[in-house]
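Peer 1: In order, the protein sequence lines correspond to chains A and B.
All residue numbers for the first sequence refer to this note's numbering, where the first residue is 300 and numbers rise by one.
All residue numbers for the second sequence refer to this note's numbering, where the first residue is 199 and numbers rise by one.
Simulated from the structure, these hints should not be mistaken for lab results.
Don't be surprised by glycine CBs; every beta carbon is placed ideally from N, CA and C.
Please note that a few of the clues may not be correct.
These stretches of chain A come out as covered by chain B in the derived footprint (C-beta under 8 angstroms, 3 or more residues) [as the list claims (entries may be wrong)]:
(1) 319-326
(2) 337-343
(3) 346-357
Simulated crosslink set (DSS-like; lysine-lysine; CA at most 25 angstroms straight-line) [as the list claims (entries may be wrong)]:
(4) B:K478 with A:K331
(5) B:K568 with A:K331
(6) A:K331 with B:K377
(7) B:K237 with B:K443
(8) B:K361 with B:K302
(9) B:K267 with B:K310
(10) B:K302 with B:K237
(11) B:K361 with B:K377
(12) B:K462 with B:K494
(13) B:K285 with B:K237
(14) A:K331 with B:K310
(15) B:K516 with B:K462
(16) B:K377 with B:K494
(17) B:K267 with A:K331
(18) B:K478 with B:K310
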Amino acid sequence: MNIFRIIALAALAATASGCVRVNQVDRGTLSKQIMQFEPMGNRQNFVSEFHAIREGASGGVNQSAGGGCGCN
Amino acid sequence: MAAIKKILLSFVLAAALEASALAATSLDLVLNYLSQGGKGGRQVYDGTGDQDLTIYEPVLYVNHEIDGKTAVFGSVAYDLLSSASNKAFDTGTGASEGGWQDRKAVNAGYSKRVGDWMFTPTLGFSTELSYKSLSGGVNVQRFFAEENFVLSAGIFHYADQAKPWDISAGAFRKWQDKKTDSVNLSATQLLSERDMVLAGVSYTSQSGYLEGTRNTVDTGTRVEEVLPGTREKYTLSGRYVRSLKDNLALHLDYRYYTDSWDIKAHTLEPALAVSFAEEKGLYRVFYRLHSQSEAKYYQDSFLSGARTYMTSDSDLDKFTANEVGVQFSYAPERWEGLMGGDWTWGGTALYYDRSNDLDAVIAQLNLGVKF
Chain A
300 MNIFRIIALA
310 ALAATASGCV
320 RVNQVDRGTL
330 SKQIMQFEPM
340 GNRQNFVSEF
350 HAIREGASGG
360 VNQSAGGGCG
370 CN
Chain B
199 MAAIKKILLS
209 FVLAAALEAS
219 ALAATSLDLV
229 LNYLSQGGKG
239 GRQVYDGTGD
249 QDLTIYEPVL
259 YVNHEIDGKT
269 AVFGSVAYDL
279 LSSASNKAFD
289 TGTGASEGGW
299 QDRKAVNAGY
309 SKRVGDWMFT
319 PTLGFSTELS
329 YKSLSGGVNV
339 QRFFAEENFV
349 LSAGIFHYAD
359 QAKPWDISAG
369 AFRKWQDKKT
379 DSVNLSATQL
389 LSERDMVLAG
399 VSYTSQSGYL
409 EGTRNTVDTG
419 TRVEEVLPGT
429 REKYTLSGRY
439 VRSLKDNLAL
449 HLDYRYYTDS
459 WDIKAHTLEP
469 ALAVSFAEEK
479 GLYRVFYRLH
489 SQSEAKYYQD
499 SFLSGARTYM
509 TSDSDLDKFT
519 ANEVGVQFSY
529 APERWEGLMG
539 GDWTWGGTAL
549 YYDRSNDLDA
559 VIAQLNLGVK
569 F
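Isolated chain A (complex conformation) (with noise of 0.2 angstroms):
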């Protein structure tokens, strides 16, 4: 898959709600620990690792690019 094709779908899909905006003061819900992408923090490594070594498709945002470990 072309790669500039996929940045320019994600940046599309990004934008196209940027009209949208919520007050600072209405953010009460959005910064509950349960909305965060990662609510259990540090936890989260150690099975995103697991996925990267038992898995051979491995990579993407905020996750193992493969390098760091020669576990098989």
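Following the hints, complete the assembly by docking chain B onto the known chain A.
Peer 2: Okay, now just chain B, sitting in the frame of chain A:
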């Protein structure tokens, strides 16, 4: 290697010096345990396919906020692991690295917010018996429209080295270089007062020694796997979070993956996060489905004839993996202010099952404190 250690030590000391004007420090000790089983490992030297693996890994994370805009952080990990496939390899070849092995890793980083920008450089180092790694990178974030929209870009480099065993010569080869460069770009957008979305792409380029140091193929006799010296990986990710009730949120993650070895994969992970005890506690229940096609160099065996590139590594095979788990964290009220800190503890129980005969259990316990 001494130079590498000096660089890392200098980095950590510099961070510690800047941290002298204490503001807030958090420590998090995580105890990781992995028990893996399965007989589907066609890369295993003795032909049994035995992929049993046990890992114990304590990790200490440290984060220190110097002020509202600056922080230093780092982690130190020590892995103790025992692998059946390694023992089989050693027994068959005399590589003599079997039994319990260990791995040490240290990471450090610094984050600085300047206006609508956030800069986060990081460094990492790890070493084990036949592998070592030095990594560095930087992540840059740009906040728009009072942080309604955030763009994030990261670039990372891993300078790794592997020490494979030469089966025919019955001796270790010299350290082989393996380089990994990765760039990623993501955008996060608040959609309403109750939901937000993230979209991201990444590109990774690897070169050098990309084989597993102990992976073999069966050509009538057992020989080392042979893989190309380059690999390019692409991913497209999406994450969505929506609040369903005051104490309940739905998470949906999806990732598409493709690479130059012809592996294509889809990964979907829905999860529910529930808070309790006036948000002092949190449960997360999740399911993960991963489906991938096989690498074009993969075959169960090569009895029909050796190829230029050949692998029987089950991780590069076609499979579907199902994973379920639950995580929790809790900050007991009676622990507030104990020894001058606010304490939390938590745990994880996870079960992973792969269609090509591999399963695993992961258990985690953590204890954290913020001063």
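Peer 1: Any hints this thing doesn't respect? Which numbers, in order?
Peer 2: 6, 7, 10, 18
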